[in-house]
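Trainee: Next come the chains, spelled out residue by residue.
There are 2 protein chains.
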Amino acid sequence: MKVRRSDRLIDMTRYLLERPHTLVPLTYFSRRYDSAKSSISEDLAIVRRVFAQRQTGLLETVPGAAGGVRYIPMAGKEEAEAFVTGMAKRLSETDRLLPGGYVYLSDLLGTPEVLREIGRLIATQYVDQHVDAVMTVATKGIPIAQSVSQYLNVPFVIVRRDSKITEGSTVSVNYVSASSARIEKMELSKRSLPANSGVLIVDDFMKGGGTVNGMRSLIEEFDAKLVGISVFAEGNFSGDRMVSDYTSIIRVDEVDTKANTLHAIPGNYLAKNAAHFDHFKA
Amino acid sequence: MKVRRSDRLIDMTRYLLERPHTLVPLTYFSRRYDSAKSSISEDLAIVRRVFAQRQTGLLETVPGAAGGVRYIPMAGKEEAEAFVTGMAKRLSETDRLLPGGYVYLSDLLGTPEVLREIGRLIATQYVDQHVDAVMTVATKGIPIAQSVSQYLNVPFVIVRRDSKITEGSTVSVNYVSASSARIEKMELSKRSLPANSGVLIVDDFMKGGGTVNGMRSLIEEFDAKLVGISVFAEGNFSGDRMVSDYTSIIRVDEVDTKANTLHAIPGNYLAKNAAHFDHFKA
Numbered sequence: 001m002k003v004r005r006s007d008r009l010i011d012m013t014r015y016l017l018e019r020p021h022t023l024v025p026l027t028y029f030s031r032r033y034d035s036a037k038s039s040i041s042e043d044l045a046i047v048r049r050v051f052a053q054r055q056t057g058l059l060e061t062v063p064g065a066a067g068g069v070r071y072i073p074m075a076g077k078e079e080a081e082a083f084v085t086g087m088a089k090r091l092s093e094t095d096r097l098l099p100g101g102y103v104y105l106s107d108l109l110g111t112p113e114v115l116r117e118i119g120r121l122i123a124t125q126y127v128d129q130h131v132d133a134v135m136t137v138a139t140k141g142i143p144i145a146q147s148v149s150q151y152l153n154v155p156f157v158i159v160r161r162d163s164k165i166t167e168g169s170t171v172s173v174n175y176v177s178a179s180s181a182r183i184e185k186m187e188l189s190k191r192s193l194p195a196n197s198g199v200l201i202v203d204d205f206m207k208g209g210g211t212v213n214g215m216r217s218l219i220e221e222f223d224a225k226l227v228g229i230s231v232f233a234e235g236n237f238s239g240d241r242m243v244s245d246y247t248s249i250i251r252v253d254e255v256d257t258k259a260n261t262l263h264a265i266p267g268n269y270l271a272k273n274a275a276h277f278d279h280f281k282a
Numbered sequence: 001m002k003v004r005r006s007d008r009l010i011d012m013t014r015y016l017l018e019r020p021h022t023l024v025p026l027t028y029f030s031r032r033y034d035s036a037k038s039s040i041s042e043d044l045a046i047v048r049r050v051f052a053q054r055q056t057g058l059l060e061t062v063p064g065a066a067g068g069v070r071y072i073p074m075a076g077k078e079e080a081e082a083f084v085t086g087m088a089k090r091l092s093e094t095d096r097l098l099p100g101g102y103v104y105l106s107d108l109l110g111t112p113e114v115l116r117e118i119g120r121l122i123a124t125q126y127v128d129q130h131v132d133a134v135m136t137v138a139t140k141g142i143p144i145a146q147s148v149s150q151y152l153n154v155p156f157v158i159v160r161r162d163s164k165i166t167e168g169s170t171v172s173v174n175y176v177s178a179s180s181a182r183i184e185k186m187e188l189s190k191r192s193l194p195a196n197s198g199v200l201i202v203d204d205f206m207k208g209g210g211t212v213n214g215m216r217s218l219i220e221e222f223d224a225k226l227v228g229i230s231v232f233a234e235g236n237f238s239g240d241r242m243v244s245d246y247t248s249i250i251r252v253d254e255v256d257t258k259a260n261t262l263h264a265i266p267g268n269y270l271a272k273n274a275a276h277f278d279h280f281k282a
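Chains as they are written, first to last, in full-length UniProt numbering: chain Z, 1 to 282; chain S, 1 to 282.
These are calculated hints, taken from the structure and not from any lab test. A couple of the hints might just be wrong.
It does not matter which identical chain is used: a pair holds within one copy or between any two.
[Unchecked claim] Derived lysine-lysine pairs resembling DSS-like cross-links, with alpha carbons at most 25 Å apart:
id, residue 1, residue 2
1, 77, 2
2, 258, 185
3, 225, 190
4, 185, 37
5, 164, 185
6, 225, 185
7, 77, 272
8, 190, 258
9, 89, 281
10, 281, 2
In this text the structure is predicted, and so the values were computed from the model without any measurement.
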């Protein structure tokens, strides 16, 4: 039975939002709603316009027999700025300061809206690059990896510092923790990452970059390729950072353990993504 | 400027899908689209009908001055059955069997579509109950907790077996691992769970139930209340299980380490949720 335009638009919006970066043939919608392809094309033009106006994302059209549409989630400039500014304020809250100058983030990284936005922002940056998998290290990076993986619609893999029998055979590397100058070990299940995969590293907090550097070694061991490094927050680090090319959403720039205060500012995310925000202007 | 109905329906659908269980006042939409409340009411009636027909979820109306609409994600019967059957088949794949009778799940629990569906299914079960937080234990339960927390729109908390400085003060309990009969320790950041919270425990795999039982003790220590226990998969366990009232999506019923085969069947999820699937019939 032919489905009305209003009904089609609602269900189509839901269908596309749930399948980012997935090519949906026009014939699929045409069958799903028992409607002519020309009507579906008109529907998609409306969805495309509204998604662009409301900065939900882009609706790409792939022409030809094997073509269709693809929804690419992208954050807009105002949304990104509002989130980054809001988070800098939240991270500056005094009661987040823990002994040793660490910052308590578990509440934010356990809140669905915050994770959704972190995922949208990081996914926006890598929208034009070929990411096959998102990589993080247990434990606190996992929610970020999962959220990014949803928006890019690729799997994520979890590197572990402890050996677990439920991972099967693993590949391990040693790495130097820049903060403590100790040698540590991390490992990843052998079957979790195919060779030549493009890998995006994400983590919750970066100090000296030792952990991220360890993941970079693991990527090499798997004959995979590093696409980029994105962290939610970076801390001040007095020594030489082991990683130079990375993106941070927030930067904790001052920690005074005597006065028990800390101060956070936007990281380099907004500056690095200026070009991406222009997508919606076209 | 007044926004057209077609445009309103698309943006409204997106807005509601991103904010499950959140009451949105009609006046909000009325202002957002510069449209009369009567038009918004008509829009919402269409969204409600399509969401029910396509088994996306329920759109609840709360009448009165403080009223509005609330989107409640719910999985339909066909969707749940198809997912459970498909997963039972995937879990029966021979190469998942690891030494010691363990089952490799990391690929499935790192795939966005699988996690989305697990989250939708578990959230459907607790739709009428008061859940304030989802709890899990690191590491493999985290993606499940996060997905459920998105659909219920409540925070999740991560219990840890290792002490981490970035968690601040913690509360810890000892628990007995039913599989190994060893005494272990788990802990949760003190500030992560307010007293009287309704807590839903989720995990990836349950054998003897020792870990889940440990989380139950932690909930008591926090003066919080247990709402339910849901796991993705349960294994066969020859001894007395420490937990009796739980829901499993999949059950691994036969593991033959000599022949290197395993067999999985649907868990008790479908039977336990028969009543929930009737929601869409009304």
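Trainee: Work down the list of hints and note, for each, if the structure agrees.
Mentor: Hint-by-hint comparison with the structure:
1. 77 to 2: Result: close only across copies, 24 Å inter versus 39 Å intra.
2. 258 to 185: Neither way: residue 258 and residue 185 sit 33 Å apart in one copy and 33 Å across, limit 25 Å.
3. 225 to 190: within (16 Å within a copy, 40 Å between copies)
4. 185 to 37: neither (56 Å within a copy, 60 Å between copies)
5. 164 to 185: both (13 Å within a copy, 17 Å between copies)
6. 225 to 185: Classified as within; 21 Å inside a copy, 38 Å across copies.
7. 77 to 272: within (12 Å within a copy, 45 Å between copies)
8. 190 to 258: Classified as between: cross-chain Cα gap 23 Å, same-chain 46 Å, threshold 25 Å.
9. 89 to 281: Neither: 29 Å inside a copy, 47 Å across copies.
10. 281 to 2: between (35 Å within a copy, 21 Å between copies)
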